[in-house]
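Peer 1: The task is simple: from the sequences and hints, build the whole structure.
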Amino acid sequence: MPRRANVQISKRDLAYQQMRLPLDELLDAHPDELIPLDIGVDDIGGELLSILSTGLYTNPLDCIREYVQNAVDANASTATIKITGNSVHVFDNGDGMSLDEIVQARQFGLSMKSLSQHVGFRGIGIYSSFHLCNQLRVTSKKAGEKYQHILVFEFGAMKAELDQNKQRDTHERKITLVELLSAHTKISRSRHTLPEDAHFTHVEMQEISDVHIKKLGNREELKHYMIRNLPIDFDESFEHKDQINQQLHLEVSGYNAIMLILQTDGLPDIVVTKPSIPFLQPPVMGPIISGTGKNARKIGYYWACLNAERDHIAANARYDPRVLKNRDILKAIQEEFRAYEGFVYKMRGFTIGNRDRLRYCFSPKVQLYPWYTGEIYVLDTSVIPKADRDDFETNEAKRALDIAVMQQLSALEDAAESFQATGVADERVEKYSREVARIESEVEANTQESDFETYTQLNDILKDLRRQEKKASPKNQPIARDLIKLAERLQKRLANETETSQTEAARRKRAAKEEKPSPLAQQIPTDTLATFSQERLIQLESSSPIETISYASQNTLVFQHPRDEKYASSDIMPTTSNMVEMSQHSSPSVTLSLQLSRTLSQVLLEAGWSLDGDCKRLVTLLEVTLENIVLDKLLYQSILADFEDRLNNDLPASV
Amino acid sequence: MPFADTENKAAIRRIWDRALLQRWIQKQNCSHLTYFGLPGPEIHDLIDWKNLLDSRRTGAESIGRTKQERLKARDEMGKLATNLFIAGISSGFQLLRGDVEDVILDGLDCDGNRPQINDGRVAHISKFGYDFVNLDFDGGLGYKDGAGAARRVAALKKLFERQEGHSFLFFLTINVRDTMGDEIEDYIRGLQTRERGPNWQETLNWYLNRSDGERDYKLKAIIPSFIQTISETRVFRCTSCPPIAYEGHERAHMLHFAFELEAVILNGRTANLRGFSLQDDFDLISLPLIRCENGQLQLASKQHPTFNIACCASSLDFLPEDIQKTLLHTYVDQFGTETK
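Keeping their order, the protein sequence lines are chains H and D. All residue numbers in the first sequence are consecutive under the numbering used here, ending with 655. All residue numbers in the second sequence are consecutive under the numbering used here, ending with 995.
No lab work stands behind these hints: they were computed from the structure.
30 angstroms max Cα-Cα, derived DSS-like pairs, lysine-lysine: (1) K799/D x K782/D; (2) K386/H x K215/H; (3) K331/H x K274/H; (4) K722/D x K159/H; (5) K980/D x K682/D; (6) K159/H x K727/D; (7) K365/H x K398/H; (8) K705/D x K146/H; (9) K331/H x K365/H; (10) K215/H x K782/D; (11) K782/D x K812/D; (12) K186/H x K727/D; (13) K485/H x K475/H; (14) K431/H x K492/H; (15) K727/D x K214/H; (16) K705/D x K223/H; (17) K485/H x K470/H; (18) K241/H x K223/H; (19) K274/H x K298/H; (20) K727/D x K146/H; (21) K463/H x K492/H; (22) K431/H x K463/H; (23) K616/H x K471/H; (24) K159/H x K186/H; (25) K722/D x K166/H; (26) K186/H x K722/D; (27) K782/D x K214/H; (28) K485/H x K471/H; (29) K214/H x K274/H; (30) K398/H x K386/H; (31) K146/H x K186/H; (32) K274/H x K215/H; (33) K159/H x K214/H; (34) K215/H x K727/D; (35) K722/D x K174/H; (36) K274/H x K386/H; (37) K159/H x K174/H; (38) K331/H x K241/H; (39) K214/H x K722/D.
Peer 2: Structure (structure tokens):
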């Protein structure tokens, strides 16, 4: 093994020697040493431009994204994409570029943008439309400057030259990248003067091929692509817009959400915004922390909104004002909202991957993931998105991020579970307050069908109320406690009555003679009651916004939207007290659900299950079977209560 | 592609044309007009008439024939688009690439795109439905090709076929220079074969005897008649406004015409035979010539011999009263006689 030269040659000395000595002699002079090998301008072929732009930008929409991304990096608040004839324009009201900046913009693979402030940092984006169009024009003006400058890339001529290059013999000299770009890149200054404070950038792709223009002309695809890949602002009507934006501006460096306008020949403009999903809980926001103690550091920031309706985000499509005007578009809005179910990674507003990527952070059994909509902004600059932005490059930072996000999302899942349990408990308290009120009035009038049955009914209510009391919201907890006391008092009274003189048979006889129907039955014709169960099933299946059906007079059914009138302006759903108040004093209409026993599907839905496809069929089958076999209403209710218990306490079926 | 803006052109656009657009909107009982035309890279017309035009506007821009022209054309198209965005009027604007004559004749631009307002039929027979057409040419009316065909004239004829059944306002601006040769004089001689009253022949002779330097008078005499004739065969009732002569960019002698074209509708359907205009041959030949100099509109000092200022008022009634008065009260004929 030859000895290493013991004299260290500095890079500078070596460069000097390289200039003077042929490589062969230089290698002789430094045997067994790795010496730097200069790459000159002539060593980089023009074909590199074609290779890079094809490799990095496989979809023509990627090019549009690159130019809008530049607009975002330039602090634009609005960007317009216009497709007319065979040209595509991207115009933004961002800072614009001075002469120096526009000259820099043409640099290849060199970017002045900072990794922490901007998404575009590879310095290749301006060439993304190389394969798309024959000419790219960038016109820009910076505020305070007198002129606008126009940078023109003759991509058509470049492509023609590269084609000629390919025809040449292998030993012939090929055009270099520098020669190619220098020959077909031009700049001009416009004499057309604008107000000094005007600032904008206009990117125009001229002479796009028919195939590409057709793809770009698909407005729905373009819209969804842009929403997915760009920091698009929320719709003006979204109630939490300001709160989320304000916080993201504070916490996420370089955050800038823009309004995007799509213009196409012969069609009305589309303003692209993130949809306004109604009835979401106020956002929960906070940092994503990696490590603990001294090693703790903020690597991300998240916001999350939970569906206040305790359902999938898509289910809230039924409350969208567009649906209330035209029910045919419900499906389309559901699809639109579904795209926002769950969480997605964002890097300075740009989406990385899709919302399915983080689904694994939630337990698959409970299915609470789609109840949330939210975003996770990655702040750690060591986490690098892949060029196609479907994920991050694998490294330590990415692993740390995934772990920290999983912890945060687990906490959110717990919060959702607790929210669900509270919701169920509140509903039960409300339901029992009505039932206990009814029983109380029957007992007062001594018209209950059977002391024993009523006693058992109260027993079931008490058992469940004691379980739900702690889970109920603070507002409903005292109501639950009062109800428990009342139910216990009624039970005691019934027990006393059973022991005293009046026999059950005599009381039943009197009740039958009086034929006094229940308060509800007093107001509802029997044929309505008979058909109600069927109507109710239809209502559940169609996800109708009509959730409560009230009976107002002899022949009129009143359909109430769940957020109607009194409750529309309130942050809370009806409580036990106001429901009772409603039924007793305010209106002659009585809520029908008072009288109905719950069904299996209702219990499952309340527990947060989603019943689709085979699952739904199975549950319907079970319901029918139960109804056919279990003829005793009380037994049926007991089975349901037991089932519900198991559901809520997550007991295995074998216990 | 029109010339760059001049003081005269701006005055015509803002005073004369604007008043005509407003009157047409009133007549058609609409709020805005759809546009088809040649806005040019500076889009002066679109900016000046912004509040009168519908968002559906179609502009055509030549792509050039030589390499140099093509480069220039791309530059012009780029400027046009930038100016649309800067002015905030990009929404609804369609830019077609190609000579406007080709777009009218073929129903397509060079990329195969069709004007956005069309009836959906195949391109060669499809109808357009624009409310306003502004053909602001930099060249003359007729540049004949090798076979002697003037494509621009053919395109004008086709325009009325394309617009058949849809009333529209039509502005036509041309350079007085063309290669129509004797065809202009032949047209006037053709008119002479008709008998239209006592001063008819005398008036036509006066136009025929104009020198080459006064070619604007000859064109002023025949263009309204030509447009009326071709429009009537496409069942329009044509009303010509007085032509305006002005000096444009690089001292080019230009003529600006305006026509109101009402589609003749019978029982809710377009009539089949022809339209009959209210103006006859003599009315057209007797229209006054307006001149625009230093941004001021005025009656040309030289008018045809049977010119009668008292008859002018009705053809200027679309203008604001003060401008009408200025025009009529400041007429000084070629002999220096001031009429008040």
